[in-house]
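There are 2 protein chains.
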Amino acid sequence: MKNLLEDIEEVLLMGPGPNCVPPEVYTALSRKTLGYLDAHLMRILEDLQGMLRKIMNTKNELTITLSGTGSAGMEAAFVNLVEPGGRVLILVNGFFGQRMQEVAARLGAAVDVLEFPWGTPVDTKAVEKKVRQESYKIVGVIHAETSTGVQNPVQEIGALLKGSNTLYVVDAVTSLGGIEMRMDEWNIDVLYSCSQKCLGCPPGLSPLSFSERAMAAAAGRKNKVPNWYLDLTLIGNYWGKNHVYHHTTPSNMVYGLYQALLLLLDEGMEHVFSRYKENHLALVAGLEELNMKLLVEKPYRLPMLNAVLVPEGIDELSVRRRLRNEFKIEIGGGLGLLAGKVWRIGLMGYTSRKENVDRLLGALRQVLR
Amino acid sequence: MKNLLEDIEEVLLMGPGPNCVPPEVYTALSRKTLGYLDAHLMRILEDLQGMLRKIMNTKNELTITLSGTGSAGMEAAFVNLVEPGGRVLILVNGFFGQRMQEVAARLGAAVDVLEFPWGTPVDTKAVEKKVRQESYKIVGVIHAETSTGVQNPVQEIGALLKGSNTLYVVDAVTSLGGIEMRMDEWNIDVLYSCSQKCLGCPPGLSPLSFSERAMAAAAGRKNKVPNWYLDLTLIGNYWGKNHVYHHTTPSNMVYGLYQALLLLLDEGMEHVFSRYKENHLALVAGLEELNMKLLVEKPYRLPMLNAVLVPEGIDELSVRRRLRNEFKIEIGGGLGLLAGKVWRIGLMGYTSRKENVDRLLGALRQVLR
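One line per chain: the protein sequences are X and C, in this order.
Just so we're aligned, residue 1 is where the first sequence starts under the working numbering, counting upward by one.
Just so we're aligned, residue 1 is where the second sequence starts under the working numbering, counting upward by one.
Check each hint, because a few of them may be wrong.
Heads up, the list lumps identical chains together, so a pair's fine if it works in one copy or across two of them.
Straight-line C-alpha distance at most 25 Å; calculated DSS-like pairs for lysine-lysine [stated by the list, open to error]:
no.: 1; residue 1: 241; residue 2: 2
no.: 2; residue 1: 32; residue 2: 293
no.: 3; residue 1: 224; residue 2: 137
no.: 4; residue 1: 2; residue 2: 59
no.: 5; residue 1: 2; residue 2: 54
no.: 6; residue 1: 224; residue 2: 277
no.: 7; residue 1: 293; residue 2: 137
no.: 8; residue 1: 32; residue 2: 354
no.: 9; residue 1: 137; residue 2: 2
no.: 10; residue 1: 328; residue 2: 298
no.: 11; residue 1: 222; residue 2: 54
no.: 12; residue 1: 129; residue 2: 328
no.: 13; residue 1: 341; residue 2: 54
no.: 14; residue 1: 328; residue 2: 32
no.: 15; residue 1: 129; residue 2: 59
no.: 16; residue 1: 241; residue 2: 341
no.: 17; residue 1: 222; residue 2: 2
no.: 18; residue 1: 328; residue 2: 241
no.: 19; residue 1: 2; residue 2: 293
no.: 20; residue 1: 354; residue 2: 2
no.: 21; residue 1: 354; residue 2: 277
no.: 22; residue 1: 130; residue 2: 293
These aren't lab readings, by the way, just hints derived from the structure by calculation.
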């Protein structure tokens, strides 16, 4: 049988993720596997937790990686907190907000939804009105809506909820490591992300943090978490001082993420955020020169995920195919309501470099000519 | 901050998993990441499915890898099939049978348990009696009980259930790739495993297969699967012809498993099974020379997982520490009822080689002197 791995090309990954990975991270992935209770692996996990806390700006003890992708993070957030009939408010302005609604509903929550047009941010005033009228156990929102490129006002919503009994769940799958995140200051109880976007590692892990308040809610449930694999009390006992076996840690993925976070912190998060901003502005300027428009108004744009309107008369799929086949560049198509209407250009991880912006703009110039 | 990855030693992993990994698999892990819809990745996934079907001896279309460890496989098996109050029989003769009971119970199943002493196999006659008395939607068993080193009579139980409406779930976490598995012939409806044991890849993926009958049961549920992340209908739509986005495939782990399976099939499964058997027999002979005894009677012993009774007067933990620190060899301790009473010596994946058996026996000779 032909070994297809030998034909893997190096693609410039400018879609919604996974994105490009620094060479040091690839090297880290192939370090020798260690046992799930090995003392050296325990030290690596401990330092990994410390780095995650720095990037999230939290002191939460339960700050770990789940052995699954960012979607497992969403599942874990809700399955540990939702009890049947519990009241949940999800703020929806895109595909991933809809997914959050679906995840919570499947777990038996009584889900209310506040919807906002795709491409616009969640309106804090509407949220304020809703949470003053009704009492919710959980409010959930997507920080960076990957389907539209909108940044939601996570800090402002957190300020609204301060002092209430509501647990505040924030999806940072696309935002963490690319824009500021101050979990504790912003009153966030639950945060989860993924390895393959702004953190600069391949997919497979989900960094996650639960506040003490959120952990107390999980521990105080009437019934056990109906998901043994993602039960955070059990998982916390493994990551904690006693290292009680739960499931086998995916050591090599952990090595990759450890290396990726080390590189980010060495660069300095402020520098990383500036780099993201600059490359985003360079991309937007170049796209405008090509007469292309972004879906989102300027104040609400994410630097790492740019939804670009497909110009009239252009077959969007054939553009993506030509970019991939002739130029070895991947960009993303639209999801849900926006399928066929936008391209999604990601500038995340090792992808967010000026030379990559120039390479894409050069390729687009030829393909759209 | 010190980069702890630079101090990772090459440990001879002779515990219950993870086990050693061939050099080609480490190389595969660090191939360039591809997008989750990339046409070349789709070809890799398709060939991976074909290789999994060969190793499982199944024609099931839904034969995939889950983005989680073997424990996610157990969770997926039950969460897709269990409906509240549904009757489930779990055959328990060790720690992982108990885990299966716990997973099913958390999902709201009405769980019956048939228990057998740890270190002995499930008694098919007792199962026969039980399933003639009662009607179950699901019967679940562990093929290779990793806590004791016992092989359960999976084929015989499958024959018992043939013609009934009961779905037969088999945990092949420790068995797959090390002893024969004939999923379709043995009437198995659901099979799951892990990447890091006999398949010879680091941890992080769970190969899984559902029969048509099991998929029909999942599709015919009254309520949606209360776990969006592990919903096999959705996951199947991604692995199927239409490649509908569900979550981001952990591409680099997939490369590792692809390479590992390629090596196994190149060697030939019959040859692999003989190699396991030979190395097991060499280990047992060497242990007996050292006056050590196995927990399990000869006819029920697994070749890949050997539970060895800790000799009286020996501090089992200090032996394991010396093996790890002085000889760079990891063996496992006991779990549950057997904590402190046995060592678990794994001969799986790249670990199952004669030179490794000799190295361990030499080290034990020195440590136990």
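For each hint, the structure was consulted:
1. 241 - 2: between (46 Å within a copy, 21 Å between copies)
2. 32 - 293: neither (47 Å within a copy, 31 Å between copies)
3. 224 - 137: both (18 Å within a copy, 23 Å between copies)
4. 2 - 59: Intra 49 Å, inter 21 Å, cutoff 25 Å: inter-copy only.
5. 2 - 54: Between copies, since 16 Å is at most 25 Å while 45 Å is not.
6. 224 - 277: So residue 224 and residue 277 fail the 25 Å test inside a copy (44 Å) and across (41 Å) alike.
7. 293 - 137: For residue 293 and residue 137, neither the intra-copy (40 Å) nor the inter-copy (56 Å) Cα distance is at most 25 Å.
8. 32 - 354: Only across copies: residue 32 and residue 354 sit 20 Å apart there, 34 Å inside one copy, limit 25 Å.
9. 137 - 2: neither (54 Å within a copy, 42 Å between copies)
10. 328 - 298: Neither: 29 Å inside a copy, 57 Å across copies.
11. 222 - 54: neither (33 Å within a copy, 45 Å between copies)
12. 129 - 328: Neither. Shortest intra-copy (48 Å) and inter-copy (62 Å) distances fail the 25 Å Cα cut-off.
13. 341 - 54: neither (38 Å within a copy, 42 Å between copies)
14. 328 - 32: For residue 328 and residue 32, only the inter-copy Cα distance (13 Å) is at most 25 Å; the intra-copy one is 31 Å.
15. 129 - 59: For residue 129 and residue 59, neither the intra-copy (31 Å) nor the inter-copy (56 Å) Cα distance is at most 25 Å.
16. 241 - 341: between (50 Å within a copy, 23 Å between copies)
17. 222 - 2: Neither: 54 Å inside a copy, 44 Å across copies.
18. 328 - 241: between (46 Å within a copy, 23 Å between copies)
19. 2 - 293: So residue 2 and residue 293 fail the 25 Å test inside a copy (44 Å) and across (45 Å) alike.
20. 354 - 2: For residue 354 and residue 2, the Cα distance exceeds 25 Å both inside one copy (37 Å) and across copies (29 Å).
21. 354 - 277: within (11 Å within a copy, 56 Å between copies)
22. 130 - 293: Answer is neither; intra-copy 33 Å and inter-copy 68 Å both fail.
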